[in-house]
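Student: With chain A fixed as given, assemble chain B with the ligands onto it according to the hints.
Protein chains: 2
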Amino acid sequence: MKIGVAIVKKKRNINPSKTLVLGFAILILVGATLLSLPAATENGEGLPFLKALFTATSATCVTGLVVVDTGSTFSLFGELVILSLIQIGGLGFMTFASFVFMLLGKRISLKERLVLKEAINLNDFTGIGILVRRILLFTGVIEFSGALLLAIRFSYDMPIGKAIYYGVFHSISNFNNAGFDLLGGFHSLTSYVDDPVIVLTICALITLGGIGFIVMNDLYEYRKTRKLSLHTKIMLITSISLTLFGTIAIYLLELGNTKTFGPLSPLGQVLGALFQSVTSRTAGANTLPIGDLTHATLLIMMFLMFIGGGSGSTAGGIKVTTFVVLLATVWSQIKGREDIVIFKKRLVKEIVFKAFTVAMCGFAIVAFVTFILSITDTGHHFIMYLFEATSAFGTVGLTMGLTTELSPIGQLLIILTMFAGRLGPLTIGIAITRRRQKETFHRPKGNIMIG
Amino acid sequence: MKIGVAIVKKKRNINPSKTLVLGFAILILVGATLLSLPAATENGEGLPFLKALFTATSATCVTGLVVVDTGSTFSLFGELVILSLIQIGGLGFMTFASFVFMLLGKRISLKERLVLKEAINLNDFTGIGILVRRILLFTGVIEFSGALLLAIRFSYDMPIGKAIYYGVFHSISNFNNAGFDLLGGFHSLTSYVDDPVIVLTICALITLGGIGFIVMNDLYEYRKTRKLSLHTKIMLITSISLTLFGTIAIYLLELGNTKTFGPLSPLGQVLGALFQSVTSRTAGANTLPIGDLTHATLLIMMFLMFIGGGSGSTAGGIKVTTFVVLLATVWSQIKGREDIVIFKKRLVKEIVFKAFTVAMCGFAIVAFVTFILSITDTGHHFIMYLFEATSAFGTVGLTMGLTTELSPIGQLLIILTMFAGRLGPLTIGIAITRRRQKETFHRPKGNIMIG
Ligand SMILES: [K+]
Ligand SMILES: [K+]
Chain A
1 MKIGVAIVKK
11 KRNINPSKTL
21 VLGFAILILV
31 GATLLSLPAA
41 TENGEGLPFL
51 KALFTATSAT
61 CVTGLVVVDT
71 GSTFSLFGEL
81 VILSLIQIGG
91 LGFMTFASFV
101 FMLLGKRISL
111 KERLVLKEAI
121 NLNDFTGIGI
131 LVRRILLFTG
141 VIEFSGALLL
151 AIRFSYDMPI
161 GKAIYYGVFH
171 SISNFNNAGF
181 DLLGGFHSLT
191 SYVDDPVIVL
201 TICALITLGG
211 IGFIVMNDLY
221 EYRKTRKLSL
231 HTKIMLITSI
241 SLTLFGTIAI
251 YLLELGNTKT
261 FGPLSPLGQV
271 LGALFQSVTS
281 RTAGANTLPI
291 GDLTHATLLI
301 MMFLMFIGGG
311 SGSTAGGIKV
321 TTFVVLLATV
331 WSQIKGREDI
341 VIFKKRLVKE
351 IVFKAFTVAM
361 CGFAIVAFVT
371 FILSITDTGH
381 HFIMYLFEAT
391 SAFGTVGLTM
401 GLTTELSPIG
411 QLLIILTMFA
421 GRLGPLTIGI
431 AITRRRQKET
441 FHRPKGNIMI
451 G
Chain B
452 MKIGVAIVKK
462 KRNINPSKTL
472 VLGFAILILV
482 GATLLSLPAA
492 TENGEGLPFL
502 KALFTATSAT
512 CVTGLVVVDT
522 GSTFSLFGEL
532 VILSLIQIGG
542 LGFMTFASFV
552 FMLLGKRISL
562 KERLVLKEAI
572 NLNDFTGIGI
582 LVRRILLFTG
592 VIEFSGALLL
602 AIRFSYDMPI
612 GKAIYYGVFH
622 SISNFNNAGF
632 DLLGGFHSLT
642 SYVDDPVIVL
652 TICALITLGG
662 IGFIVMNDLY
672 EYRKTRKLSL
682 HTKIMLITSI
692 SLTLFGTIAI
702 YLLELGNTKT
712 FGPLSPLGQV
722 LGALFQSVTS
732 RTAGANTLPI
742 GDLTHATLLI
752 MMFLMFIGGG
762 SGSTAGGIKV
772 TTFVVLLATV
782 WSQIKGREDI
792 VIFKKRLVKE
802 IVFKAFTVAM
812 CGFAIVAFVT
822 FILSITDTGH
832 HFIMYLFEAT
842 SAFGTVGLTM
852 GLTTELSPIG
862 QLLIILTMFA
872 GRLGPLTIGI
882 AITRRRQKET
892 FHRPKGNIMI
902 G
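Just so you know, the protein sequences line up as chains A and B, in that order.
Heads up: the first sequence begins at 1 in the numbering used here, then just goes up one per residue.
Heads up: the second sequence begins at 452 in the numbering used here, then just goes up one per residue.
Next comes chain A alone, as it looks inside the complex (with noise of 0.2 Å):
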């Protein structure tokens, strides 16, 4: 902890947001300028630079959005590439949001030490190292036994070597939410829909990976705490909840779909259901056919899809506390209360306001995005300009089949979204949390009418 402050104090001057920014930039540049190597692809052609840097940035923006199938146009080369860059990507903003979170967590609150520390119980956490080792150890550990267990699984239905090459690759893949898959044709996991190792192993790996380090800490320090933080018991209880309301919404939704689930089994049904629910948030992968859904299993999609998973993990979206904070402010408010409580503490203004900041940001890309791709993009239904806005600012990575069709605007759009969706609600929260400074002198208060 005192390492900490000693930091935040000698680097005052360095800017995190921008130090995100930059890095990430310089990986997709890097990235992209790899994949249009010659030796990136099978055909030994390369791809055109476009492709190439739609595909590193939604690798290293763990989104899974892609123009080109990842498994039938990529070398080994290529593939390992993307697989990097997922790695980079996925750990390196799981890392950084955690860190972000300790330093300007202790910022804000060096009158709250007591606070924060039974916020995140990171008490334990003196300095970087610490930190970066442990987030290391739970990545290692989650995609090894991920990895072993699809490696199995894969190794029915192709050589071992390639089923360990699959199997490596989805644990990684999964575990970072970033959706892309070596299957071919755009399938993805639509032919395992029916398999509950491969439908159950990954979508372990995804909850894992997109529940955020500060709770898989919390819950491996639960042995010797006994006690879980704040954070910890809003993710767990709402990530449960979202992803059984999403199960069982999906399944309903889709029992009179023949297109959907006509083919499966019941079990077939109800795992496919249990899939697509957990992927929506926001991992990517589909084992159902996304354009043959209902219209209502969509927009529970599109809603599971813009919450996303927890801050400072492989997720995207506005994340799930921050939808927890709108839920209980507009409770609230209804309720008449003056103070916003959840599980019995009261959520200070500044929690509540950032929490608005990164919903309305959100809600402002998802509608311009799909403005613009619904002039520069003419042509195909409204849904699926909104769910492809939707699935690239939430870095979710699941398409109606529009990301293959996209205009070379629609293409830099869609990049930029997910840009922006992934590094945007961080560095709002860090904005506001940075520059926040008390006011030297207030303005007279001002009364309108509302509503």
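In short, the hints are calculated from the structure, not lab data.
Be careful, since some hints might not be right.
Said to hold, decoys possible - In silico contact screen, one side only, chain B against chain A (beta carbon under 8 Å); selected entries:
hint	residue
1	Arg604
2	Ser606
3	Met609
4	His746
5	Thr780
6	Lys805
7	Phe807
8	Cys812
9	His832
10	Phe833
As the list claims (entries may be wrong) - Over 12 Å on every C-beta distance to chain B, these chain A residues come out as not near it, computed from the model:
hint	residue
11	Leu264
12	Val330
13	Ala367
What the hints assert, rightly or not - So, partial list: chain B residues that the calculated Cβ filter (under 8 Å) puts toward chain A:
hint	residue
14	Leu777
15	Phe804
16	Ile826
17	Ile834
Note that this is a predicted model, so its numbers are computed, not measured.
Glycine included, every Cβ here is placed at the ideal spot set by N, Cα and C.
Tutor: Then chain B with the ligands, alone, in the frame of chain A:
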């Protein structure tokens, strides 16, 4: 002012929200019963009750969505019932909202009389009598002027008696932002798209009705006071900006659209864009064919429809001030300011939370209604559900053609949405303001990770 306070003290046990909801429900039921009488329709058979209920709700909530064509379905008696519902619903709401705002404004701000006085310039109103008289004066003068201009113009196309009746009907309908018309075939005002007299007169009626009594009164008093309230300044600047933005955007987005702008002269194109911009907030008449507009234009219109007009006006939506407070909050947050400042005035936390709650409930209602419509009324384009839900919530009355095709459950849903859209934002505002009470004890602060 003293009488106002006295009224609050005496009638503290009366719940204004309940009065409002009950009053509207009774008015709607009476209207529906009258419209289902044989004498109400031209064919002498009366309307089925559900359709009568839909029409009565649409008229009372000044929406304008119709399941039957007003002009060709109803007898003179039926049309006068509709006109009465519009006038009572529109005027009643405007009076009630302005009155409640005065009272509640006083109630929360007993210590802040000066603030409120400056906020709405209502210091001359010592009781509801003067308020009602002034509202009736404004309404009478504006509706009479509108009727006169319209009747003169209509007299070129029809016998003078019919022209006067049409002038009166369309003046009242449009000042109340009701969106009903007698011109037949669900065509609304499309045949007058390039007629400057009709277009500009109706735009003026809509704008005056939708800006709200507080602003009208403030402008009226300007001769004496020589200053405008914060509320009025915000309303004027934002209303003009939104109208200009809508006009320019719609004009540019429809320029290449042969179905809408194709048959029009350059003047007709400008007038058409202006009219659709004005009418989206939330009058509901149309001169361009809504179903043929581009997706981008429809999005712009949904944006305007959701925002709507002024508080305590005949318009619906979340209201202009709510939108401005959202904007100001996000802007202040991103700039790292502690206070939310508009026109050098600081907004108290309560106003921000109220605006935020109204907006979130609005989003939730629109999303929920879109979701249910996509289940109960399958087989349409997704944007038709979204547009219909936004239109009903905003009490706009524009439709892409879904209204007449609605299933009975869909009709019931839209009835409820119009009701919630008309009364919801104000009711939420009242509930929040009334019940807010200082907490007797504050929970300990909690911290969680956002973004
Ligand atoms: K993803
Ligand atoms: K209307």
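Student: Now tell me if each hint is right for this structure.
Tutor: A quick look at each hint next to the structure:
Interface hint at B/Arg604: violated, since its Cβ lies 35 Å from the closest Cβ of chain A, which is beyond the 8 Å cut-off. At about 39 Å, the closest approach between the beta carbon of B/Ser606 and any beta carbon in chain A exceeds 8 Å, and the interface hint on this residue is violated. Hint on B/Met609 is violated. Least Cβ distance to chain A is approximately 39 Å, over the 8 Å limit. Among the interface hints, the one on B/His746 holds; its C-beta lies about 4 Å from the nearest C-beta in chain A, closer than the 8 Å criterion.
Below 8 Å, beta-carbon pairs count as interface contacts, and B/Thr780 has one with chain A at about 7 Å; its hint therefore holds. Checking B/Lys805 against chain A by beta carbon gives a least distance of about 5 Å; that is within 8 Å, so the hint holds. Satisfaction of the interface hint for B/Phe807 is found here, the shortest Cβ-Cβ separation to chain A being roughly 6 Å, below the 8 Å cut-off. The interface hint given for B/Cys812 is met, as the beta carbon of that residue sits about 7 Å from the closest beta carbon of chain A, less than 8 Å.
Against a cut-off of 8 Å between C-beta atoms, the interface hint on B/His832 holds, since the closest Cβ of chain A lies about 6 Å away. At about 4 Å, the closest approach between the beta carbon of B/Phe833 and any beta carbon in chain A falls short of 8 Å, and the interface hint on this residue holds. Every Cβ of chain B is farther than 12 Å from the Cβ of A/Leu264; the closest lies at roughly 21 Å, confirming the non-interface assignment. For A/Val330, the requirement that its beta carbon stay farther than 12 Å from each beta carbon of chain B is not met, with the minimum near 5 Å.
With a least beta-carbon separation of about 7 Å from chain B, A/Ala367 fails to lie farther than 12 Å from that chain, contradicting its non-interface assignment. A hinted interface residue such as B/Leu777 counts as satisfied when its beta carbon comes closer than 8 Å to some beta carbon of chain A; here the least separation is about 6 Å, so the hint holds. Given the 8 Å rule on beta carbons, the hint for B/Phe804 holds: about 5 Å separates it from the nearest Cβ of chain A. Among the interface hints, the one on B/Ile826 holds; its C-beta lies about 5 Å from the nearest C-beta in chain A, closer than the 8 Å criterion.
Hint on B/Ile834 holds. Least Cβ distance to chain A is approximately 4 Å, under the 8 Å limit.
Consistency with the previously given hints fails for numbers 1, 2, 3, 12 and 13, ordered from lowest to highest.
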